[in-house]
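Those protein sequence lines, which keep their order, are chains D, E and Z. Residue 127 in the working numbering sits at position 127 of the first sequence, with consecutive numbering throughout. Residue 672 in the working numbering sits at position 311 of the second sequence, with consecutive numbering throughout. Residue 860 in the working numbering sits at position 155 of the third sequence, with consecutive numbering throughout.
Mixed in with the good hints there might be a few duds.
Some chain D residues near chain E, calculated using beta-carbon distances under 7 Å [claimed, not checked]:
id, residue
1, S208
2, H240
3, L292
4, D295
5, P297
6, L345
7, I348
25 Å max Cα-Cα, derived DMTMM-like pairs, lysine to aspartate or glutamate [unchecked claim]:
id, chain 1, residue 1, chain 2, residue 2
8, E, K636, D, E223
9, E, K636, D, E265
10, E, K636, D, E288
11, E, K636, D, E322
12, E, K636, D, E200
13, E, K627, D, E200
14, E, K636, D, E260
15, E, K500, Z, D942
16, E, K636, D, E218
Hints are computed from structural coordinates only; laboratory data are not their basis. The structure presented is a predicted model; accordingly, all values stated were derived computationally and were not measured. For glycine and all other residues, C-beta sits at the position ideal for the given N, C-alpha and C.
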Amino acid sequence: MIRVAGEEGALLEVTGLTKHFPVRQKGFRRLRGLVRAVDGIDLRIQERETLGLVGESGCGKTTAGRAVLRLVEPTAGRILFRSRRMAADGVAEARAVDVLSASRREMKMLRRDMQIIFQDPYSSLNPRMTVGSIVGEPLIVHRMGRALERADRVREVLAAVGLTPEHMRRYPHEFSGGQRQRIGIARALVLEPQLIVCDEPVSALDVSIQAQVLNLLEDLQREFGLTYLFIAHNLSVVKHISNRVAVMYLGRIVELASTERLFAEPKHPYTEALVSAVPVPEPDYMVERMILQGDVPSPVTPPSGCHFHPRCRYAVEVCRSEAPVYRDVGHDHFVACHRGDELSLQPIRDGDRSGGGGTAS
Amino acid sequence: MTSADVLLEVRDLEVHFAVPGVTVRAVDGVTYAIDSERTLGVVGESGCGKTVTALAIMGLIPSPPGRIVGGQILYHRDGGIVDLAQLPPRGQEMRAIRGNEIAMIFQEPMTSLNPVLTIGFQIMESITLHQRMTKREAKRQAVEMLRAVGIPLPEERVDEFPHQMSGGMRQRAMIAMALSCNPVLLIADEPTTALDVTIQAQVLELMNNLRRDFHAAIQFITHDLGVVAGMADDVAVMYLGRIVEAATVRDIFHSPKHPYTQGLMKSIPSLTRSKERLVPIEGIVPDPSDAPPGCGFEPRCPERMSICRTTPPPLVATAPGHDAACWLYQPDVHLVRRTLRGWK
Amino acid sequence: MSGLLRYAFQRLLLTIPMIFILLTVIFLIIRVMPGDPISMVYGARPVSEELKAEKRAEYGFDKPILVQYGVYISGVFRGDFGNSIRTSTPVLQELFLRFPATIELALFGLLVAAILGFTTGVLAATRADRPVDHGIRVFHIASFAIPVFWLGLMFQVIFAVKLKWLPVAGRLGGEMAFTFRPVTGLYVLDAILRLDGHALLDVLQHLALPALTLGIATTGLLGRMSRASMLETLDQDYVTTARAKGLGERVVVLRHALRNALIPIVTVFGLEFAVLMGGAVLTETVFSWPGIASYLIRSINARDYIAVQGSVVFIALFISVINLIVDLLYSLIDPRVRY
Ligand SMILES: Nc1ncnc2c1ncn2[C@@H]1O[C@H](COP(=O)(O)OP(=O)(O)OP(=O)(O)O)[C@@H](O)[C@H]1O
Ligand SMILES: Nc1ncnc2c1ncn2[C@@H]1O[C@H](COP(=O)(O)OP(=O)(O)OP(=O)(O)O)[C@@H](O)[C@H]1O
Ligand code: SF4
Ligand SMILES: [Mg+2]
Ligand SMILES: [Mg+2]
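Isolated chain D, as found in the complex (with noise of 0.2 Å):
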């Protein structure tokens, strides 16, 4: 294993991560060209920050989430993760572990500390397992406890995320699409990870179902000190969540600043448009929405320059035949956009003034 001094603090560090899929056509072996799932993304998490991953649907942030855990294989990229438990393990100066060069057997012992959790609640369990087993296998493919121990310690993970120990000889199907997330919360937490990647984990939830698992991922953190890198579409749930944001487009990283920052202060012209397109439940609202032309261009056809040029208001020559690099404008707040430094965007109003939106009288 490859041990490397990461930077100071950072709990996993990502640099030009890159996947890319093959497009084939039916029945052939003939390649048609790549889809740019995730196309060179940076990405720096703290330990114990919840880092939130927005942007619409096929931009990548599934396919980074998982190549973050080599659960599907990086084309390209360097992955450092400071893991807890591999240092304690003897090698003191290590620092942080290079994911993508570990081997087989370091890969099984960095599972542990990196852990994930699905959106669809329903074909994420197995049906015909009980939730004891499901939330205990984890523990059996790790071989660790005896059985007795390894029940104490469903229980315990159970009670945790709000079920019963009843609730282990149950299965799948006996339960609401918010308890199952939570049997998948159980499950994730039960090696007891550093990291864990929530992969929209409310988006197929009921609205009111919703806040629940909400407060309990916030609970969690806070009682066993996580680390999320929390990947979803709907933008209220990522600030509500979030330390950090990172907005994606068409397989890059666009922007990236503190949730206050990013919401206040935006820099790039995608981020200013998702933020406004964003339908808020206040009657009396009124904001110019920035609506965009056009759809979301295909990421195996990616446009020139900048990805996002064709349905950028702002776009200016250098916009078509440059990409933009991704940088810091200060505080680290990163965007890739020519104009970055110098457009003012507009912010999310702040509701709190406008009066007594959404507040129950």
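Using the hints provided, position chains E and Z with the ligands relative to the given structure of chain D.
The following block gives chains E and Z with the ligands in isolation, referenced to the frame of chain D:
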């Protein structure tokens, strides 16, 4: 709401589905009204009966297993009032209304268009069915409709197949199809739920513009409170097969009456306000085949009283034009409750 | 269109390795079957062992198996399928002679199956869970379960022997067999080409029972498929959309559902063809139909290695060509498929 220009009145509608072993009371006494040229937003969680209510109006309840077992759907048209619930769903009269005077668009733009027929054909089919028009005229009209919904190069796209269009374009085509006969009522069942936010914004803007030009009333079904706030004049909140609250959009958002509506407002994260901890509604939505005997929200309600467990509350006016179905707003129950509190 | 041609060409190229593997397997299987062709040819006749040995040498059966295999394969790739042991005629010539008979039977059998299976399947789906549906489903299962040869024999007994409406067997009756002059070998087509109404009637009468037997035997699977596919299609959102326009149920089914329901059926249709050929073997035997399948049966019985190998390859090729045609048909039905 003045009753003078009421377009559609649904009264105590009940739709049941007979699935092996149980009867699912999908719609369990729904009452509401839509005025002409206004937009009624219908909100509610998955499975609360929004789609089934809409299908009942269209006469499209899959039967078996479904059946309208009670109530009326009064459609006010020039010639008088028709009870759509009484019309044979496949009869001549219903078919003349369906798709012509009352049109509907669906949630999934990817699957709601027939993949083997061109967009143009599917629009023309509607036109020639309900209007005296030659094929050529119908095609010209189809092109015009596509232009109206903002599809670029409509002359060319009219001959394309659905798979050649993106989700947003398909939903525009669906809207074109629904509006092609100038309906007085358009039922839109979550028309933007499957779309991306930026595309959703396009389609919502389009619908807002078209509403003005076409003078249609819209029943806009969604589970997104944000979409309702931006689109609707009036809102009906559904829970477990019933309307629990109905009022103007401002009243619903600024002074929600029903504990469920109130809980909903507190449980959604806000984009515009600073972060605060969410207050979720505890518990889960009961299965409609196993609904509580009293108020459907009783098991989750922070305000529940003993009467809530036994008797479903009627939908009554709590203020002019603001209805709620909750025992809290029954004057005499208030007394009972106060007395009970006093004892504690 | 050039994409279509290229696709067809590539598909045909792919059949070459398939044929090769098939040949190898058949070659081996047939040689482990008990009995040898030379003894079979002479049957019970007293023939000296020397003569048999001489015959064996003539066909190369005395050589090691690998050599025999090499000789045979190289022949096949030169287009020489060898001479039948039983009849001494070139296998290929025999196959070409009998091929049209099989095609004719298969096509008409398929026609019967398609019409019967598709209509009953669609009817059952539109009347799901009502008495009509139950009746049709019983019919489908029955047609699937009844052995082909039994069905054929029953038809013969009832319609030919008892009622005397139709001939018992063969492709042509009495004097017609001597006077009719085929062109393509597809007798129905030939009778039409020769503008011979009398012959056409005779040909159709002979074709009726075998085609019906084969067709009905294949109906069950196709019917069940059609029903399932139609049921699924009727459940699709675009069917609801069509109904929401105010279209009548008949238009909804015929215009909106039918073509979509066809798409998965067509796939199975191609695969089904292999099953149909299996049925054809039995049908041809029962009705003394002079096709490839009955030739194959007789060759197997005679352990006529050379003829068996040739017939199997021929049938396999035929099936893959049919499957190719079916695949190409796709792009006609489904605009999403483009080659
Ligand atoms: N296994 C795969 N093979 C080929 N292409 C793929 C594969 N997985 C994803 N893609 C493509 O990569 C792109 C990014 O997909 P991804 O699932 O990461 O998007 P996403 O942002 O998670 O979208 P969503 O919001 O819809 O979940 C898409 O265009 C998708 O079609
Ligand atoms: N064909 C059917 N057979 C049996 N039950 C049905 C059928 N259609 C709907 N239901 C039941 O009726 C209830 C109401 O369904 P409906 O589709 O109206 O919900 P909805 O409010 O539109 O939800 P969603 O937001 O998920 O679309 C559900 O519990 C559902 O299970
Ligand atoms: S780089 Fe140019 S095109 Fe891209 S977002 Fe910035 S201004 Fe718009
Ligand atoms: Mg995803
Ligand atoms: Mg619905």
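To see whether the hints hold, each was checked on the structure:
| no. | hint | verdict |
| --- | --- | --- |
| 1 | S208 | holds (4 Å) |
| 2 | H240 | holds (3 Å) |
| 3 | L292 | holds (4 Å) |
| 4 | D295 | holds (4 Å) |
| 5 | P297 | violated (10 Å) |
| 6 | L345 | violated (15 Å) |
| 7 | I348 | holds (6 Å) |
| 8 | E:K636 - D:E223 | holds (20 Å) |
| 9 | E:K636 - D:E265 | holds (17 Å) |
| 10 | E:K636 - D:E288 | holds (23 Å) |
| 11 | E:K636 - D:E322 | violated (38 Å) |
| 12 | E:K636 - D:E200 | holds (20 Å) |
| 13 | E:K627 - D:E200 | holds (21 Å) |
| 14 | E:K636 - D:E260 | holds (10 Å) |
| 15 | E:K500 - Z:D942 | holds (24 Å) |
| 16 | E:K636 - D:E218 | holds (13 Å) |
Hint check: violations occur at hints 5, 6 and 11; the rest are consistent with the structure.
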